[in-house]
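These are the residues of each chain, in order.
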Amino acid sequence: MLTGLSVIILMWWVNYDPTRDFTQSLPGMDNRGSGGVGDTVDIGTLFDRYADDYTPLTETWPRFRGEHFDNISRSGIPLLAKFGSSGPDVRWSVELGEGHSGAAIYEGLVYVLDYHEEERADFLRCFSLTTGKEQWRRGYNVHVKRNHGMSRTVPAVTDSFIVTMGPRCHVMCLDRLTGDFRWGIDIEKEYRSEVPLWYTGQCPLIDGNVAVLATGGTALMIGVDLLTGRKIWETPNPRGWKMSHSSIIPFTFDGRRMYVYSASGGIAGIAADGPEAGKVLWETEAWNKQVVAPSPVCMPDGKIFITAGYGSGSMVLHLTPSGDKFDVEMLYEYKPSGGLACEQQTPLFWEGHLFGILPKDGGPLRNQLVCVNPSDTRKIVWASGSEKRFGLGPYFMADNKIYLLNEEGTLFILQPSSSGYKELDQAKVIADGHDAWAPLALADGYLVARDSKTMICINLRK
Amino acid sequence: MENDKIKSRREFIRGGARISLALAMGGIAGFAAAGISREKWVWQIDPFECTQCGRCATECVLTPSAVKCVHAFDLCGYCDLCGGYLKPNSNALSTAGENQLCPTSAISRKFIEEPYFEYIINENLCIGCGKCVKGCTSFGNGSLHLQIMHNLCVNCNQCAIARSCPSNAIRRVKASEAYLVKGDFTKD
Chain R
7 MLTGLSVIIL MWWVNYDPTR DFTQSLPGMD NRGSGGVGDT VDIGTLFDRY
57 ADDYTPLTET WPRFRGEHFD NISRSGIPLL AKFGSSGPDV RWSVELGEGH
107 SGAAIYEGLV YVLDYHEEER ADFLRCFSLT TGKEQWRRGY NVHVKRNHGM
157 SRTVPAVTDS FIVTMGPRCH VMCLDRLTGD FRWGIDIEKE YRSEVPLWYT
207 GQCPLIDGNV AVLATGGTAL MIGVDLLTGR KIWETPNPRG WKMSHSSIIP
257 FTFDGRRMYV YSASGGIAGI AADGPEAGKV LWETEAWNKQ VVAPSPVCMP
307 DGKIFITAGY GSGSMVLHLT PSGDKFDVEM LYEYKPSGGL ACEQQTPLFW
357 EGHLFGILPK DGGPLRNQLV CVNPSDTRKI VWASGSEKRF GLGPYFMADN
407 KIYLLNEEGT LFILQPSSSG YKELDQAKVI ADGHDAWAPL ALADGYLVAR
457 DSKTMICINL RK
Chain P
6 MENDKIKSRR EFIRGGARIS LALAMGGIAG FAAAGISREK WVWQIDPFEC
56 TQCGRCATEC VLTPSAVKCV HAFDLCGYCD LCGGYLKPNS NALSTAGENQ
106 LCPTSAISRK FIEEPYFEYI INENLCIGCG KCVKGCTSFG NGSLHLQIMH
156 NLCVNCNQCA IARSCPSNAI RRVKASEAYL VKGDFTKD
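Sequence lines, in order, name chains R and P.
According to the numbering used here, the first sequence is numbered sequentially starting from 7.
According to the numbering used here, the second sequence is numbered sequentially starting from 6.
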């Protein structure tokens, strides 16, 4: 009997499967759609003119990060250090579609890309800088759903042209003054690119007579003739790097002009001119992050600081000339809590120091403005303090001051310094501000800022 | 005289018993009435104070913990890249086990339409570790957050998690308002 019982227990033990309730987690269990390429979009077919009575001015903020790609204004106009008893001089405000697209300014006109939900259309809207009166708008019908905002890019503007990049990678080139349509490219269709998560964040670049765009897909980067829309060069993309939210930054090192681009997959320097234009000068996959929004910060000694959010942290690369190309060395990398790191905004490089706002996963200094020395970006020189946290808001420099908009719409005026946080003044400039993430723009003393739904213009002149 | 004395003693004892009984009944009735009218208090997590330290999973007297993740759907961005569902820099935005942040796969995701995904917590699998909450708070809208579930909680006189909570995020709340769910509950 005992033997029989032992045999039964043994059989039960042998046949017992303690993992019988386990289920496997396999790809595809979310029933994800195929995500096919969308409908054909007729770029530039919609146009409305409202007025032509703007006041011409002289200064410009012609693109993302301004004239010199460093977010520092060279304007000689003295600006306010304090708002005074009457508060900020908000000249006008305009309601926009939900988004984070910043403005470009050109001699008295403000250009901003905006998605109109009711008309289901992307529009490049042109406003008077001094009055906010809309002059005209040019756009195209395209279906975009809210996804933490819709439009999120800054147009590139020259004396004659405007180039925009829409939420679903539609590039549109217009005549700057009349708004006449010149040419368009559907990057998703033409290059089989993947629209980045939460839509396009890359701000287009105009370099001379060439529009430079990072496409991902079948090409990494393309150069397009501004006048005709003809492709001048295409950089191959054999590794299948994807378009990121980062924007292309021109950089000259050791006498060589190049475009530095931080893709999803890697970072590369592409020759900007000469017969080698469009050729890869250096590249590395050491920097391979899922979501990259800030642009690379290229420093005169060949160091490149790159950073990204979503747990990525930062990395510092160093370029060394090698024949007609460059060797790239990864000096070090770290997690977001290990030094300067940013989720959306690109840090400022000023007088040998870098300034940026740490992300929410940046440890005890999260959301604080910090200053580091590029010799070691892991060592924080100073931080703004636990009472001064700014979120994902934008910041730039003008008239030797830092203007910083926190994500709730409060504008801070700071004294830039490598020795500590020095606040001069602050004021709420957007009532009930929410997700004020768009880059700021300044020309002729007028600051254009926005939160997710409202764009405002503040007169900062002394 | 002797009889009167005896009678008086008996009456005294009877009277004392009656008074004791009346006092006892009154006390019971008083306690019952107090129990009905006085609000019961229970433990709950203030999601705005929680720092997702992970102690809710390990300090609760219950195994698994009475703390579970809850999802405020009206705050969720329904993102494809969800910081509460996917590990940072996961190799794909997929449901593969190696990409999931949750150690017990307690979050399932469902494609709704481009570009939206819905995230649903399986309470039976959730151990209250807060990893998803940390990811959602750091990179998203903070719609995932931890709550003490009162169908599980034994309402200890001194909550073991509250005692070890580094941010003092756990406090007594009225049983009639036992949950501090984001969206309904906002921090001033």
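Do not take every clue at face value.
The calculated lysine-lysine pairs, modelled on DSS-like cross-linking and capped at a C-alpha distance of 25 Å, are [unchecked claim]:
#1 Lys341(R) / Lys92(P)
#2 Lys468(R) / Lys434(R)
#3 Lys136(P) / Lys459(R)
#4 Lys394(R) / Lys341(R)
#5 Lys136(P) / Lys115(P)
#6 Lys394(R) / Lys151(R)
#7 Lys92(P) / Lys248(R)
#8 Lys136(P) / Lys341(R)
#9 Lys151(R) / Lys136(P)
#10 Lys179(P) / Lys366(R)
#11 Lys366(R) / Lys92(P)
#12 Lys45(P) / Lys366(R)
#13 Lys45(P) / Lys187(P)
#14 Lys45(P) / Lys136(P)
#15 Lys139(R) / Lys195(R)
#16 Lys428(R) / Lys459(R)
FYI, nobody ran anything at the bench for these hints, they're computed from the structure.
Only a predicted model underlies this, so the values are computations on that prediction, with no experimental measurement involved.
Checklist entry - Which earlier hints can't be squared with this structure? => result 3, 6, 9, 10, 12, 14, 15, 16
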